[in-house]
Amino acid sequence: MLRLDELLLTQGDFRLAADWQVPPGARIALIGPSGAGKSSLLAAIAGFYAPASGRVLWDGRDLTPLTPGERPLSILFQDQNLFPHLTLAENLGLGLRPALRLTPGERARVTEALDRVGLTGMGARRPAQLSGGQVSRAALARVLLRARPLLLLDEPFAALGPALKQEMLALVAEVAGDTGATVLMVTHDPRDALEFAALTVIVAGGLAAAPQPTAALFADPPAVLRDYLGHRQ
Amino acid sequence: MAGGAVALGAGALALVLLPLGAVAFHAGGLSLSGPDLAALRFTLTQAALSALISVTLAVPVARALARRRFPGRGLLITLMGAPFLLPVIVAVLALVTVFGRAGWLNSLGAAVGLPPVPVYGLHGVLLAHVFLNLPLAVRMILQGWLAVPSERFRLAESLGFCPADIFRHIERPMLREVLPGALATVFAICLTSFAVALTLGGGPAATTLELAIYQAVRFEFDLSHAAGLALIQTGLGAAAALAAWHLTRESGFGAGMDRPLATRAPGGWRRAGDVLVLVLAGGFLLLPLAALVTRGLPGLADLPWSVAEAALRSITVALLSALIAVSAGLSLALAVARGGPRWLELAAVLPLAASGLVLGTGLFLLIQPVLPPPRLALPVTLLVNTLMTLPFVFRLLLPEARALEAGYGRLAASLGLRGFARLRLLVLPRLARPLGFCAGLAAALSMGDLGVIALFATGREVTLPLLVQQLMGSYRTGAAAGAALVLVSLSFALFWIFDAGGRRASPR
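Here the protein sequences come in this chain order: A and B.
According to UniProt numbering, the first sequence is numbered sequentially starting from 1.
According to UniProt numbering, the second sequence is numbered sequentially starting from 1.
Bound-form chain A, shown alone:
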């Protein structure tokens, strides 16, 4: 279970506070105006960014002393989720062993993961030889192999078209279902939140509010969310 314990992020004028916890296996959308700190919050949970005060806890254990690679999570960025000079199989292999000296059993698992996301037989290709959707699939295959209990998505599908994005979210749901992972997803699109996440965190005005049921939130949006969505909705 993820818990943010009086977490406070600061950088220059920027400030963001969060104090809440997330039920295990939940899928949560982070929504709010740009610059409000959605990505910074993910970066702090992932360990790229030290909080000014407060703690990030996983199952009661303080993650602060852990490096990003040691934390019980996988993260997907907006882009650069694969190393362009390595093949897909090598990129996936990094999820099992960073030194990339794989046993035959581990190699078989890489092949299996490629099959699972619909990239059968593409292990020898490099990212530049793939379409945007295929790159996303490969990154999700690595998430599958790492099998960490928390998955952070920092808009990895923002560059994909609507149909492809939906397909990827469905795949995320599958992967997360397989591993029982909790998912935190940054998004700009209310539809993503409604379709994918039962809970939503509004990040605005220096505060990341506690997760609330998405459907209810959008049925009767509070003022900050109304400002963000605009008046047509």
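Because the hints were derived from the structure by calculation, they are not lab data.
Hints should not be assumed to be uniformly reliable.
The calculated label-pair distances, taken between Cβ atoms and stated as ranges, are [as the list claims (entries may be wrong)]:
#	chain 1	residue 1	chain 2	residue 2	range
1	B	R270	A	S34	36 to 44 angstroms
2	A	G132	B	P379	51 to 59 angstroms
3	A	P24	B	A505	58 to 66 angstroms
4	A	A159	B	R172	39 to 47 angstroms
5	A	R15	B	A406	23 to 31 angstroms
6	B	P304	A	A99	31 to 39 angstroms
7	B	I497	A	G132	19 to 27 angstroms
The beta carbon of each residue, even a glycine, is placed where N, CA and C say it ideally should be.
Position chain B relative to chain A; hints supplied.
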């Protein structure tokens, strides 16, 4: 990783500051009068004139290259990068072959009854410095031209600007930005150029500070005098290096010298002028090298056996110094790119402030009480060559390391990729191309360097550049030209092997 870089940075700082400290400590016996004052004056005069002439001549050449397209243009620009790798002693020998007393030009003059023009003294030093630095100045200024957005030239064209208007509104402001950096860079290089002064200077009228240091160590055995001169040289060198560092943004040997022509090049006499400028510049740069080849090829036959030994010694020093400089430069660049302490950057570029000969003098002072310095001639040469190439390597690798960190730092961290695995799977493959280029550069610079070794070596432990200088000094010009040919071939071969290796290993 970070701890290693900190230790390396501290080591590099110590290796520069300790010799400088020794110099400062021993500096006595300084009489800023007579010969010393003359040396100071000559050093400044020749550096200022060299910078002024090189940069003035470089402007029309750069403009011609910027606005004309012709077959062989790319080759000519590549060639402009070559003098940076050309061992100075080879350039000097090539110039003597053309401009020397028995050279092509004076023979031609004698045939029509002109008195011989000597190549030694101030004009010899200037000639060599312009030959070596004109190409660098051309490349720096050409980059300025190519950095002007093509829209600005198109706008000028749509407004009906004539060439004079273009000069006034576009080219002159650009030159005002670029020229101070080019002047300062060439000035700083010429301030510390030892090999040229050693071979073409000399005598009361043409002795630089560095040459005076060398003479004080080798012939007067007056170390405190040498240290005093070295202290002045350090002050000047540091000030010039600092100025050059601040005034330049581009290093002058980057890629990106090609893009579609931004504007219609003016025709008529301007076209003829550009052709003339390019032919003259090309001739000035290529003729001496051609002369060296014609002179050196027959000389290859009567090369002494010592050439092979000296070559082997030089190659060993070059390879080791390239390996150390590139490893240290990479480690420091990665640490700085990952937000390491700021002083690491200073540690990597500090050697620029000292000259090789000054560091050599300091090391001489440190070693002398313990051991006879000639015993350590090669290790000291290796150390100084490594230190002197470190700033170049660091400066070339830092932007690459920053880009690597920005692009893949978080991904690598999130996957737990670090230590040796990070180096093997991420850093080496992504940076193969710049690493190969840097290793080639460091090896070629070290191979051709004639500085500290002249200060330390007695008799047997000579490197190839020193051997060329000795052969030249004993008037065995044919053998000297042959050995110079061997030296320049080895330097370029080393550069090419590493550079091509890096390109081949690069994933892009």
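Here's how the hints hold up against the structure:
Take B/R270 and A/S34: their Cβ atoms lie about 52 angstroms apart, and the range 36 to 44 angstroms is violated. For A/G132 and B/P379, the Cβ-Cβ distance of about 55 angstroms falls inside the hinted range of 51 to 59 angstroms, so the restraint holds. For A/P24 and B/A505, the Cβ-Cβ distance of about 46 angstroms falls outside the hinted range of 58 to 66 angstroms, so the restraint is violated. Roughly 44 angstroms separates the CB atoms of A/A159 and B/R172, a value that falls within the hinted 39 to 47 angstroms.
Remark: the range hint 23 to 31 angstroms for A/R15 to B/A406 is upheld by a beta-carbon distance near 25 angstroms. In this structure, B/P304 and A/A99 break the distance hint of 31 to 39 angstroms, their C-beta atoms being roughly 52 angstroms apart. Checked against the hint of 19 to 27 angstroms, the C-beta distance between B/I497 and A/G132 comes to roughly 39 angstroms, which is inconsistent with it.
Violated hints, in rising order: 1, 3, 6, 7; the structure is consistent with all others.
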